[in-house]
Amino acid sequence: MNTPIAIEIVMLLAGLLFVLGIVGVIIRKNIIFMLLSVEIMLNAAGLAFIAAGSRWAQPDGQVMFIFILAMAAAEVSVGLALILRIYHQHRSLDIDKLKEMKG
Amino acid sequence: MILVYLIGLLMGGGVLALLMGQWNNSLPKWIALCTVSTGFILLLSFWIDQSRIMNTLLPETWMMEYRHDWISTFGISFHLAIDGLSLLLLVLTFFLGILAVLCSWKEVKERIGFYHFNLLWILAGISGVFMAMDLFLFYFFWEVMLIPMYFLIGIWGSENREYAAYKFFIFTQASGLLMLLAILGIYFIHGSNTGNYTFNYFELLGSDIAPNVAFWLMLGFMVAFVVKLPIVPFHSWLPDAHSEAPTAGSLILAGLLLKTGAYGILRFVLPLFPGAAQLVAPWAMLLGVIGIIYGAILAYSQTDLKRLIAYTSVSHMGFIMLGIFAFNELALQGVVMQLVTHAISTGALFIMAGMLKERLHTRDLRLMGGLWTQMPQMGASAILLAMASLGLPGLGNFIAEFLILLGAFKANVWLTILATCGLIFSAIYSLRLIQQVFLGASKNLDPIQDFSWREITLMASLLLSIIWLGLYPQPVINTVRPTIKKLEELFLIEKEYGHILINNKRIDSLPEKNVRQVKTELVPSNTHSYVR
Amino acid sequence: MMDHLLWLIPAFPLVGFILLALWGKHLSRFWTAIIGAGSVSLSAILTLFIGLNFLSSTPADGHYSQTLWTWFEVATFIPKITLYLDALSLVFVFVITFIGALIHIYSVAFMAADKDYARFFACMNLFVVSMLLLVLADNLLLLYLGWEGVGLCSYLLIGFWYENPSNGYAARKAFIITRIGDTAMAIGLFVLFYQFGTLSIPDILALTPTTWHEGATITTVTALLLLAGGVGKSAQLPLQTWLPDAMAGPSPVSALIHAATMVTAGVYLVARMHVIFQLSPIAQMVVAGIGAATLLIAGFSALTQYDIKRVLAYSTISQIGYMFLALGLGAWTAAIFHFMIHAFFKALLFLAAGAVIEALNHEHNMFRMGGLKSKLPVIFWTFLVGSASLAALPIISAGFYSKDQILWYAWASEHGNTTLWLIALFGAFLTAVYTTRMLLLTFWGDAKTAVSHYPSKLMTIPLAILAFFSLFAGFIELPHNFGHLTLFSDLLHQVLPETILKAGIHGELLFQLLAMLVTFGGIYMAYILWYRKPQLTEKLKQSAPLIHLYRFWFSGWGFDQVYQVLLVKPVVFIASINKNDVIDKFYQGIAILMVRLNRALSFTQSGSLRWYIIGLVVGAILILSIQVIL
Amino acid sequence: MLGNNFIALSPLLLLAGSSVLIMLLIALKLSHRTIQFASLFLFVLAFSSLFYAHDLFSHPIEPLLIVDRFSLFIMGLIIFSGLIVNILSYIYFEEKEESPKEYYVLLFLCTLGACVLAVSKHFISLFLGLEILTVGLYGLIAYLRARHYNIEAGIKYLILAAFSSAFLLFGMALIYLQTGSMEFLTIGQSLHSLTSLPPLFLTGLGLMLVGIGFKLAVVPFHMWTADIYQGAPTPVTGFIATVSKGGVLAVLLRFFIEIDGFRFKTLMLILISIAVVSMIIGNLLALQQKNVKRILAYSSIAHLGYLLVALIPGSTMSLQSVCFYLVVYVITILTAFGILIILSTKENDADDIESYKGLFWKHPLLACIFSVALLSLAGIPLTAGFVGKFLILAANLQAGFWLTAFVLVISSVIGLYYYLRIISKMFSGRGGVLLKEKRAYPIFYLISVIVLLTLTLFIILFGTYPSGLMYFVAYFQFK
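Protein chains in written order, with this note's numbering: chain A, 2 to 104; chain B, 7 to 538; chain C, 63 to 692; chain D, 5 to 483.
So that you can see chain A by itself, here it is in the shape it has in the complex:
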């Protein structure tokens, strides 16, 4: 058996990833990168679930992680389709150009 890594450290990593993801979403202008950053956040959450599952020695955390993966995949597929349309319409992936509706 490997020496168990302290749960706090894993959570810290997860938290770090999560914040990284947030920052990524905020500062990136390219839609694809925003999507990517969101994926990072989702994975951070997944990591947290796994850590929590291991703390309670339950499979639930890992189950949840698999669901998250599936959902992320679905999301990305829809997202990419939309991004294609956007590129088709705007010839750009700059999110700041998508401001037609406001007020």
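If you're looking for bench data, these hints aren't it; they were derived computationally from the structure. In this text the structure is predicted, and so the values were computed from the model without any measurement. You may find that some hints are simply not true.
[What the hints assert, rightly or not] Each computed DSBU-like pair below joins lysine-lysine, with the alpha-carbon atoms no more than 35 Å apart:
| # | chain 1 | residue 1 | chain 2 | residue 2 |
| --- | --- | --- | --- | --- |
| 1 | B | 112 | B | 491 |
| 2 | B | 112 | D | 366 |
| 3 | B | 115 | D | 100 |
| 4 | D | 100 | A | 100 |
| 5 | A | 100 | D | 350 |
| 6 | B | 363 | C | 142 |
| 7 | C | 87 | B | 363 |
| 8 | B | 449 | C | 437 |
| 9 | D | 33 | A | 30 |
| 10 | D | 294 | A | 30 |
| 11 | D | 350 | D | 33 |
| 12 | C | 603 | B | 112 |
| 13 | A | 30 | D | 100 |
| 14 | C | 631 | C | 435 |
| 15 | C | 647 | B | 449 |
| 16 | B | 449 | C | 631 |
| 17 | A | 103 | D | 350 |
| 18 | C | 142 | B | 492 |
| 19 | C | 641 | D | 100 |
| 20 | C | 647 | D | 33 |
| 21 | B | 491 | C | 142 |
| 22 | C | 177 | B | 449 |
| 23 | A | 103 | C | 647 |
| 24 | C | 435 | B | 363 |
| 25 | D | 33 | A | 103 |
[Unchecked claim] Far from chain C by the CB rule (all over 10 Å, computed), these chain D residues:
| # | residue |
| --- | --- |
| 26 | 10 |
| 27 | 44 |
| 28 | 164 |
Even for Gly, the Cβ is constructed at its ideal location relative to N, Cα and C.
With the hints as your guide, set chains B, C and D onto chain A.
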């Protein structure tokens, strides 16, 4: 059951008018006229019937009651009842209702069906307000009359109608919601005290509320009523609404809608929170006096005929506030008289403003003048109405104002003296009105028709009632006497109670007991024998 | 039996009013005249009938009364529509109906050319009704009805020729100024009600001596409040300014309302409520003081006017000042006597002046009249009689007897003193001066304007009747050193107390001689100034101090200007700056605030996704920090 | 036991099966009309299966789901909304350029997701339900893919939803870490003895609130609402406003009650402030808005605020008032969007306020229906909205929450203005730009109008005689 029929009649008539209006333009008028007249005749016959009893034996306070469960989980019932005050105001409602239909006979030319629908539904809402003895139901009717009124102003009003309609609606709605909070407050306090959760007016009368809570709840009620009346800092919706509304709208606003505020104070604020009412009485009277003078000064400066009349209403409503919070029979009778006479005289002035607008296509006083030459009949009626408005003895308004002032004099000498000075201002603006419109050199050279026969009927009925009320108001006084007496009794005892309350001493059990006793006397004792 | 006919006195003109008001447009002039003048004449005849009956068999309790119906009944306040006729009201009713009828008859011819013939008679009839109710009222509320009713009619008739805005202004001024007094009076009624629990005049008068002490504050306050009402109606200081302007109305109106009857309502009120005044020496003094000051001030103003009707108006104010003086002196009967005599000669003067004005094609300016002595002989002679009475020409005129009585009491009565007497005497001198001036300017000298109309019989006969009374009505009350006849005061002493004289006063004759002297002096002075040496007058007028004085007097001692600055301007100013209602601004402010907030918030809805994400994150941080902090 | 499970889950199974069935039907190249009718039938079937499932009293399917009266009630509401949206969709999509058939598949999936939310009692099911709903919505929002607004709305929603889901998930993970369970009840039990919440749990809860708050579109997570409402096809907007919010609110309610969140002051404070701010800002934002869809978006922010206010006292009456108001809100908002759908044209959604000018004089019936809906949203008596607000106020005052009640009153007064603005536009002079009747599909037009009319009658019925609905709500009340 008559009470339910009355409301049903109006609502049904309204729907019928709306439907008939789709394919015929004159049918809705006749439907509306028939509906309101039927109601009027019903009520009048009942009143005459009752007045016989009134003169012979000691009259019972409550004349008729109808009750049916509505939302029983909340203790809400469809509970209508009338006493003299309600009856009188109902008669007034239907009387002015007939006139409202008549005065829009020619004025309204499009969407006639919808117009009369709104008109009748306003009347239904107002009638409901005057009859409801369940606080929820009261609030319900209180709001029901707003929407059609909003449409009436917003669709058939003059140039600035939308602004006026919004203003009217938002003012009344805001204050109404505060009242709803207060209603709920008293509901839960009563419920938690007695375990009987109910909106029934008669049961809530006996509820014990801690003085400081009662004060806030009373303010909740007062806000709604004071905005409706309106009393001075809350009056600013009124000139706009009155001046933009079509004639019938102004008539109903001035004649009836404002009266619901006064009715609310008499029916709910005073009996439910006698102690708190006592506390605020000096301030309320002060507001009333400020209203009298402020309204009069503003009325003087207006150049728009209908705005001028609207501000006179503000001034006259100040008298009502003054009278109500004097808490004695003289003043309260005066208040009721003022309700009736102001409705008639100001309503008539608005009708006249409408007639002038029809003829001259303007409400601007600066463009009028010298109309007497062409319209002596209208001029004479206008003078009579202006005299009523300035409180000339022999006309109903004088008796109202004199009684109010006489009663208020007992309660507060200096405020009454100030209020009496309002009579001077009322002379100033009334005479200015006459001068600007009818006297002076004629500015209008086109031939103008004097009264038509329809208009003569309209005016004559109003003028005769105002003279009748000025010379022999006893029927009105007799009708409301039981109600007023009960109110006054409440305050005769409450006076000690309030005094103790102000001094923050422990309330003695004796006066409190008396209060409870009187409060329960307000509840119909053997109404069942009187239910018809 | 006569009790039951009482209601008919006001009922005749009331019916007349109703008929004329409703169908006046469709009636011919003939029928209008019949109804208008006829109804009042019927009242007059009925009054004579009832009056004779009253005099011949005075009822035991000294009055007739008739309750028509209970006006209303609230709590303990039960005013009734009750008519009450005693000696005092009989005098007034007589004057109102009798002179009223004469003036109505005169008006039939005078107003003949006017297009609003029916309206005129309707208003006049309504006035007579109101005035009758005022004097016949059994309670103060009904009196107040009449009181305000006459105010309304006065308003309507002053502004009768409504096309001219200045007439309308005069009418409103009259109404509003009298209303100020009325308001004070209304407050007086409130006080009386709470003191006595009733507004019935006989009850109050009966209760007062037992309820109130002499000189108590409440008594004085009440008396002064009532007095304020009287001062407004009777155009006494400081509310006198409306009456000269009120001359804008037709001359018969001025004669009936603004000379003979309505303006003396204040006198009636004080006399009616004399018990209260008797209990308050201060109030008594104020009444006398107001009367004295008014008679002097108005006398000076009358001296400077050029409009014949304004002279008469100021003279009316001045003469009512005499009546108030008499009331203040406790010379109740003297006041009422002067009222009656004044009603005769002043109505006469106004009607005659009206005839002159009409004859000269609506010329009001006396300086453009002149020489009418021969052209309008009837007018001249009647006017002369009236003037003699006004100037109190000794022995032969009725005015002498009534005024002399007041002068005598100013000296001799309990409340009298030298100052008051001197003022009254000087007033008499002024009266003589301005009366003579008026007479000279109008009827002597050269004709400056041609006569275009000649008065008809319908106009001259009433003048003659009035002239008769102006000369001979004085003989029913003669001084005790000169015939000693007290028919009039005997009658009134049923109601009003006797005048108490100071102990040990003698020499009435001396005072009478002094009064005569003053009168003749005045006449002579006027003769010098405006007939013999008019250029001297002109010169005097131009001299520096006098011209200012002249203007000051001419403008009615600057009261109008003072009121304009102190009262009218501020109110108008406040009204005009606040036309759009400051309070409304507050609500508009709320609305504007909401709109601003809306704009600011809309700005956050920028459409930028990254902005939204930042919003989300900020929200998350906020929530987390709230949790951390708490 | 197993049979019972099937009975209990029958609505979910039916919905899932329907989506597959519709997919197959599409493969058969059936017409739009057939598919519409088929899906209508399937919705009705799913709805009626609720009555079948109703016989079971509180049937848990361990560990994820529970079918009890409350969840049945919410499911009923969701499926009902789906049904209405389904009916109204035909006339909207038929004239659009996109083939509308796949739309129905997504509709079923989203409804399924919302229903799963309603029955979930576990984080996993919560997450699953939420994602089924959300992913489906991406497709629905961007359905008219040739249109800029649709795509823009789609991508905005996608990124924001995924972003907020991450918050939700991270929060769940933290709570799981703290309590060792993902089942609501067990979480609640582990907190039972505590008087204040542990910080980890609090943080987790806070993050979860971000996710939930986003879905409910309450301030400060509201900014997407207007854009998505405006960009999405109108039936989808109606769907978001009702189904998605209803499902999320149901799960929030269940979670809150299971962990008995009303005990914790901090939590309540956060909820109260969210509610208060939502009411005020939502109404303020709509004040001068000229786009009707955006107005309704902002108004829905405020209405979610009202619903949260209703939730705050946590008493029986408050839960009843939440349910009552939810029903009222759903019916009302569907009616409003129904009108928008009927008035939309091929090119334009009827979302410009100017185009409503004089509507009353052209289509009195539609204008009346719309007015009733707006008045109900404004909370004017005679309409159900008033009774709903009344109940909320009553619940608050009963528990002594005067402040929230007061703010509710004030904000609804502000809100009054923009509802009135639309109404007075409809009743003002003749004119108006577009708004022609859809002559092309008379049957569906008629059906739609009849449906809206029925809904309107319900609004008025609940407004004048609310006892029935009150009993109903009390019967299906949580626990």
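How the hints compare with the structure:
{"no.": "1", "hint": "B/112 - B/491", "in the structure": "violated (44 Å)"}
{"no.": "2", "hint": "B/112 - D/366", "in the structure": "holds (24 Å)"}
{"no.": "3", "hint": "B/115 - D/100", "in the structure": "violated (42 Å)"}
{"no.": "4", "hint": "D/100 - A/100", "in the structure": "holds (24 Å)"}
{"no.": "5", "hint": "A/100 - D/350", "in the structure": "holds (23 Å)"}
{"no.": "6", "hint": "B/363 - C/142", "in the structure": "violated (42 Å)"}
{"no.": "7", "hint": "C/87 - B/363", "in the structure": "holds (25 Å)"}
{"no.": "8", "hint": "B/449 - C/437", "in the structure": "violated (41 Å)"}
{"no.": "9", "hint": "D/33 - A/30", "in the structure": "violated (42 Å)"}
{"no.": "10", "hint": "D/294 - A/30", "in the structure": "holds (30 Å)"}
{"no.": "11", "hint": "D/350 - D/33", "in the structure": "holds (23 Å)"}
{"no.": "12", "hint": "C/603 - B/112", "in the structure": "violated (66 Å)"}
{"no.": "13", "hint": "A/30 - D/100", "in the structure": "holds (32 Å)"}
{"no.": "14", "hint": "C/631 - C/435", "in the structure": "violated (46 Å)"}
{"no.": "15", "hint": "C/647 - B/449", "in the structure": "holds (34 Å)"}
{"no.": "16", "hint": "B/449 - C/631", "in the structure": "holds (27 Å)"}
{"no.": "17", "hint": "A/103 - D/350", "in the structure": "holds (22 Å)"}
{"no.": "18", "hint": "C/142 - B/492", "in the structure": "holds (26 Å)"}
{"no.": "19", "hint": "C/641 - D/100", "in the structure": "violated (57 Å)"}
{"no.": "20", "hint": "C/647 - D/33", "in the structure": "violated (66 Å)"}
{"no.": "21", "hint": "B/491 - C/142", "in the structure": "holds (22 Å)"}
{"no.": "22", "hint": "C/177 - B/449", "in the structure": "holds (19 Å)"}
{"no.": "23", "hint": "A/103 - C/647", "in the structure": "holds (32 Å)"}
{"no.": "24", "hint": "C/435 - B/363", "in the structure": "violated (55 Å)"}
{"no.": "25", "hint": "D/33 - A/103", "in the structure": "violated (39 Å)"}
{"no.": "26", "hint": "10", "in the structure": "holds (40 Å)"}
{"no.": "27", "hint": "44", "in the structure": "holds (36 Å)"}
{"no.": "28", "hint": "164", "in the structure": "violated (6 Å)"}
When each numbered hint is compared with the structure, violations occur for hints 1, 3, 6, 8, 9, 12, 14, 19, 20, 24, 25 and 28.
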